[in-house]
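Participant: Sequence positions in the sequence shown follow full-length UniProt numbering and run 1 to 117.
Be aware that a few hints might be false.
Stated by the list, open to error - DSS-like cross-link-like pairs, simulated, lysine-lysine; straight-line CA separation at most 25 angstroms:
(1) K12 with K39
(2) K39 with K14
(3) K88 with K39
In short, the hints are calculated from the structure, not lab data.
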Amino acid sequence: PGGSLFITTINKTKLSYALAIVAAEALRIVPSGSHDWDKFVSPVELERLLESNGFHVESIRGMLYNPLSRAWSWTESTSINYALHAVKLEEEPDPDEDDPDDPTVIVAQAKARRWYN
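Required output: the full structure, derived from the provided sequences and hints.
Facilitator: Here it is as structure tokens:
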């Protein structure tokens with residue numbers, strides 16, 4: 001809990017297909033077949049996936065690669081590449097896990113005592 005996860009990836013848009021696959025392969029920036037558009041994921045999809053697995057998305061920023069200068073820069077647009085920062089939330093305790101009045105907890109504790117004794 002509290003750990004950071006950083007992901008950089010390619011958005012799933014027509015523009016990313018045109019630039020990250022077609023143009024990048026034509027200009028030989030990447031080898032042919034490097035990218036599979038079906039595996040690209042949108043920021044909305046990624047955020048939904050992370051939040052359903054106990055993360056909170058802190059920020060999403062667009063990234064742009066300039067093949068002439070061979071440099072990356074930040075941009076407002078996430079339509080091609082983007083970076084995402086998420087933080088793992090504290091796991092919420094199971095409300096019945098430590099309830100001394102819960103019969104299932106009492107039985108589990110009794111079995112555990114027999115097992116260890």
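Participant: Which numbered conditions among the earlier hints are violated in the structure presented, ordered from lowest to highest?
Facilitator: No numbers; nothing is violated.
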